[in-house]
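Novice: Could you put together the complete structure from these sequences and hints?
Protein chains in written order, with the working numbering: chain A, 1 to 432; chain B, 1 to 339; chain C, 1 to 409.
By construction, these hints were calculated from the structure, which means they are not laboratory data.
This one's a predicted model, so the numbers in the text were calculated from it and none came from an experiment.
Treat the hints with caution; some may be incorrect.
In silico lysine-lysine, DSS-like type, Cα no more than 25 Å apart, as pairs [as the list claims (entries may be wrong)]:
#1 A:K34 <-> C:K127
#2 C:K127 <-> A:K31
#3 B:K221 <-> B:K240
FRET-style restraints, in silico, Cβ to Cβ [stated by the list, open to error]:
#4 C:P165 <-> B:S168: 21 to 27 Å
#5 A:L123 <-> C:V131: 28 to 34 Å
#6 A:A322 <-> C:L316: 31 to 37 Å
#7 B:T131 <-> C:A238: 55 to 61 Å
#8 C:G263 <-> A:V54: 40 to 46 Å
#9 C:S26 <-> A:E424: 52 to 58 Å
#10 C:Q50 <-> A:I140: 40 to 46 Å
Yeah, the Cβ is synthetic: ideal placement off N, Cα and C, and Gly gets one too.
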Amino acid sequence: MSEVHAHTVAFVRTSEIPASPPPVAEAGAVKWIKDNLISGPFNTIMTILGILVVAYLLAGLIPWIANGTWTGADIRECREILQGSGGGCFAVIAERWPQLLFGFQYPDYLRWRPTLAFVLLFLAVPPALFVMFLPRWTLIVTAIYPFVAYWLIWGGTILSPIVAAVGFLVGYLVFTKVEKRGFVQGLAAGIVAAVAVWWIGGVIAEEFSRVGALEVVESRALGGFMLNLILGVVCVSLSIPLGIVLALGRQSKLPIVKGFCVVFIEFVRGVPLITLLFVANVVLAYFFPPNSNPDLIIRVIIMITMFSSAYIAEVIRGGLAALPKGQYEAGDSLGLDYPQSMRLIILPQALKISIPGIVNVAVGLFKDTTLVSVISMFDLVGMIRGPILSSTDWTGVYWELWAAACVLFFIVCYGISQYSQWLERQLRTDHR
Amino acid sequence: MNKSVLFGTLAFAGLAAAGASAATLDDVKARGTLNCGVTTGVPGFAEPDSDGVWQGFDVAVCRAVAAAVLGDSDAVTFVPTTGKTRFTSLASGEIDMLARNTTWTFSRDTDLKFDFTGVNYYDGQGFMVPTDLGVASATELDGATVCIQTGTTTELNLADYFRINGMSYEPVPIETGAEAVQQFLAGACDVYTTDRSALAAQRAGFENPDNYMLLPEVVSKEPLGPLVRHGDSEWFDIVKWTLYALIAAEEYGVTQANVEELASAPGDNPEVNRLLGTEGELGAMMGVSNSWAKDAIAAVGNFGEIFDTTIGESTAIGLARGLNAQYTDGGLMYAPPFR
Amino acid sequence: MTTMTDPPKAEGFRIGQLINDTRYRSYTFQFIAIVALIFAFSWLAYNASQNEQLQANGFSYEFMSAPAGYDINQQPISYDSQDTHLRATVIGAINTLIVAFLACVTATVFGVIAGVLRLSNNWIISKLMAVYVEIFRNIPVLIWIIIIFTVAANTFPPMSEFRLPRDGSDPTRTLLFGMFAATNQGVYVPRLTLGDTGWIVIATFLASIAGVFGMRSFARKKLYDEGKVVPVLWPSIAILIVPAVLMQFILGSPLGVENPEMGRFSFDGGILLRPSLIALWFALSIYTGAFIAENVRAGILAISRGQSEAAAALGLRPGRIMSLVVLPQALRVIIPPLISQYLNITKNTSLAIAVGYMDLTATLGGITLNQTGRALECILLLMLFYLTFSLIISAVMNVYNNSVALKER
Chain A
1 MSEVHAHTVA FVRTSEIPAS PPPVAEAGAV KWIKDNLISG PFNTIMTILG ILVVAYLLAG
61 LIPWIANGTW TGADIRECRE ILQGSGGGCF AVIAERWPQL LFGFQYPDYL RWRPTLAFVL
121 LFLAVPPALF VMFLPRWTLI VTAIYPFVAY WLIWGGTILS PIVAAVGFLV GYLVFTKVEK
181 RGFVQGLAAG IVAAVAVWWI GGVIAEEFSR VGALEVVESR ALGGFMLNLI LGVVCVSLSI
241 PLGIVLALGR QSKLPIVKGF CVVFIEFVRG VPLITLLFVA NVVLAYFFPP NSNPDLIIRV
301 IIMITMFSSA YIAEVIRGGL AALPKGQYEA GDSLGLDYPQ SMRLIILPQA LKISIPGIVN
361 VAVGLFKDTT LVSVISMFDL VGMIRGPILS STDWTGVYWE LWAAACVLFF IVCYGISQYS
421 QWLERQLRTD HR
Chain B
1 MNKSVLFGTL AFAGLAAAGA SAATLDDVKA RGTLNCGVTT GVPGFAEPDS DGVWQGFDVA
61 VCRAVAAAVL GDSDAVTFVP TTGKTRFTSL ASGEIDMLAR NTTWTFSRDT DLKFDFTGVN
121 YYDGQGFMVP TDLGVASATE LDGATVCIQT GTTTELNLAD YFRINGMSYE PVPIETGAEA
181 VQQFLAGACD VYTTDRSALA AQRAGFENPD NYMLLPEVVS KEPLGPLVRH GDSEWFDIVK
241 WTLYALIAAE EYGVTQANVE ELASAPGDNP EVNRLLGTEG ELGAMMGVSN SWAKDAIAAV
301 GNFGEIFDTT IGESTAIGLA RGLNAQYTDG GLMYAPPFR
Chain C
1 MTTMTDPPKA EGFRIGQLIN DTRYRSYTFQ FIAIVALIFA FSWLAYNASQ NEQLQANGFS
61 YEFMSAPAGY DINQQPISYD SQDTHLRATV IGAINTLIVA FLACVTATVF GVIAGVLRLS
121 NNWIISKLMA VYVEIFRNIP VLIWIIIIFT VAANTFPPMS EFRLPRDGSD PTRTLLFGMF
181 AATNQGVYVP RLTLGDTGWI VIATFLASIA GVFGMRSFAR KKLYDEGKVV PVLWPSIAIL
241 IVPAVLMQFI LGSPLGVENP EMGRFSFDGG ILLRPSLIAL WFALSIYTGA FIAENVRAGI
301 LAISRGQSEA AAALGLRPGR IMSLVVLPQA LRVIIPPLIS QYLNITKNTS LAIAVGYMDL
361 TATLGGITLN QTGRALECIL LLMLFYLTFS LIISAVMNVY NNSVALKER
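Specialist: Right, dumping it as structure tokens:
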């Protein structure tokens, strides 16, 4: 049949026709535009509106940035250079950059110290966050970092951070030794050992205060974006352990412990941070022994840590609640006691679930550190609102300064949140 | 860093247990620095310069006290305070003295339990308006929008003044002086009111000072002076007499330039001799070194010199002495005898 | 030889049992916790009692009944400087609630719009919304408040341009439609004035609203029971407007509008929206709106695609799919985070202090505290106020949440 067919038909194609490209209107950019921008009258209107908004914003922004000047010693010189071209006077950022970053009191020849501490932060953080990718020994870097950073930023003898670190180390070693007899005994012994080391070490550090001494910088001298970063990092890292304790306390079966944790968490979450800062600023000093006068920054750290620990406790409680009941029962059936099952089974999983939430709290908290400007601390916002805008050199240059503040905060916060999303994706893979 | 702060807190707790309530003078000596509360920035009175060093009229008082007590005018930690925090900072012991344009009032002296150590600037509340507002007197301000700095006696005086004169106004409360000025310059309020000295100081910094004028009315008495906590009379005496020493030095012609020479040997004015410690033991009576006044004057100059270099007519702020001249020149500055 | 160990003999009580025996352990820990708490609080109380300032002043709220002495610009209830601190505090609290309410409403509107549009097919719009959300979420709200306050003071036309020049010429600017004016001292809008019989008009209007709801449920019943489509839109509008307008005419216009009029320095009459209120309101709305947008987006994405495909298969148009099928289900996911955003707004109104809006923090925690020096009392009361607000809001919203929650069998 086929032969007949072949003979009756004049032409038989023996090869396939190559696929021809789709019609112009159904492919490439044209189709994309048709589908995504002008698929209907409403959509078209929205597209036009959107383009108008973008055009309006760019028309304002581009000349401001392009015509801006980065030189000039004060606002008058700046105005002369600009000649009314509509550009921004970015000279203020150039001139006050160190003040924006470090405040106006941190000695300028010592600025390398906080800068170094900041750079080291990037060495110290990864081991804690990439536990699953990096060898465990790198965690030592993380553990050492706080003490090095303290020494770099505040200066003084290197002995005090060493003593503090040794105290923690001894406490931990004693804890691991005694822990076999029971978690509580271990904890108590560890604390006693650590306190003893601190007490003895404190006396020694006092004696040899010259050893490895860097020039002391007072807490009051801290300012600018550095202060925001310090407050953010210190308070978040302090509040994570506190938050874990509060979350466990809230789930506890002991009514008094539970009651205290519930009241504490709900109280702190029910009041604005600014009232807590007022407490730090004007009330807390009453509750310290007369003449002990802890620095304002320490009082602020205490209150912000309390604040964020309540929020982190709620995040971790969510993580604890999300674990299947079987995990708790598994711990019990293995004969683990409460501290063991928490440490070995429950918390590692619960914390893993809570990481995105904790990062959200951390970003929120970092943004909230700007509130300290209200209680006359000179963080980035405080520097702009106070010394820089009130100086006669730069009166009336607000857009440029606030834009700089926005950019700094955006970079850090956006960076952290993008990172946390990435981390979430990484963690999700091993659930598959 | 975090754990070290905890450690620091622990250390504080330990310290606290050791140190019972001691006198302010002992605290200052032990610490080696004076904690002095100042404003967050009023040009001429207290303001960090571009190097972050505090300068100004009130700052000089702090430095003088530090020089008198510790012999070093740089041994001062300046604590910027706002209207809200200044009294609690002093009450809680965070600062040893407050030199911050604070008005001496009855209730602050008695109810808030502070002691004013004297007056370093006699001031009064005034009003500043743009000239094109067309107002010549504060009595024409009915219905105006007024920028005020909150937390000061200013807002109470303002409320009283407008109520007594049967006028209404729209208050725009603002936290810091700098922001109040910013709002005023932008035209967000018609009138800016605060102490006349501060008005003059801020007007001097404007781009076009001539477009703004001070109204003639002075609506309050504002004796500004340093203050200390109630109940520590030794410390109160030291701050008080350091201030008087500066005032007396001007009266007797002791200046920063000639104080070393005058203090090297007793001169023919016994009052100067006692002041500078070449005769008698005035310093010892207060528990400080005998050269206390000499140190203070050598560090910051006498009252007139401080005035001239920080806020006087030769500076950008350009305040006349007025009430703040020596009593011999028709002012109110009058130091009790050093005897 | 015994293969089984005997049960432990009932020994005497040993100290170690306090820690090792589960029967006693919880009591031990609670006892330790109580002792630690008592110790901590008494340490704090002892320190406070040692403070000379506190000793001298004592702890009392008597100052609340003393005249406040300061003026407040935004007065929802009448007030002058001779009224008590208590009244000033109450005004502050009302002002807090006003701005919190306004910001919650607009933040929800912004958030829902941005959240829905971010999922739009339109590339430009979805990217624009993504940029909006990321920019506003990642910059502190305090900076936004200050920026908008600065914008209000510096880009709105100055009040002086509205004033009648003294030489008798016309002012540079006049009221928009004779009703509105945006100046750098605030935005003026007309005020509704209520004549003697004005309440009748308002009551009529409220009755009309009830009528519209009644009509809608009637129409729905008709649709479900008999399959008849009763027109709803135009009749509702008519019911809403006609009776009230009629009543207004019959009673001789008791409901009037008071327009702002130029006085010596600024406008008299009308309602003044101060820059501080605008800054706080707007900044909180767009900032929190960005967070709500993310919640809305997450809520919509949580609804399985099958739902909207099923709706599309039934022949619903995209708008109706969203409003009838997706949003009602997404609401259950959206509401819990929305509640916490409302709480955040309420707490963030305390940032009013940065721009001088006279809220609770500025009156009680600001001027009253400064003028009386009663820090402990003022801040304690301030926290209690906010705590009460928070608890009430979360209670109310939880009741609502329970009412929309999925009713499971």
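Novice: Against this structure, judge whether each hint is valid.
Specialist: To see whether the hints hold, each was checked on the structure:
Taking the CA atoms of K34 (chain A) and K127 (chain C), the gap is near 17 Å; set against the 25 Å cutoff, the hint holds. Distance hint between K127 (chain C) and K31 (chain A) is fulfilled; the C-alpha atoms sit about 19 Å from each other, no more than 25 Å. Restraint check for K221 (chain B) and K240 (chain B): the C-alpha separation of about 21 Å stays at or below 25 Å, so the hint holds. As the Cβ distance of P165 (chain C) to S168 (chain B) is approximately 23 Å, the hint placing it in 21 to 27 Å holds.
Between L123 (chain A) and V131 (chain C) the beta carbon distance is about 33 Å. The supplied range of 28 to 34 Å therefore holds. For A322 (chain A) paired with L316 (chain C), a C-beta distance near 35 Å keeps the hint of 31 to 37 Å intact. Separated by about 58 Å at the C-beta atoms, T131 (chain B) and A238 (chain C) satisfy the suggested range of 55 to 61 Å. Checked against the given bound of 40 to 46 Å, the beta carbons of G263 (chain C) and V54 (chain A), roughly 42 Å apart, stay inside it.
Between S26 (chain C) and E424 (chain A) the beta carbon distance is about 37 Å. The supplied range of 52 to 58 Å is therefore violated. For Q50 (chain C) and I140 (chain A), the hinted distance range of 40 to 46 Å is satisfied, since their beta carbons lie about 44 Å from each other.
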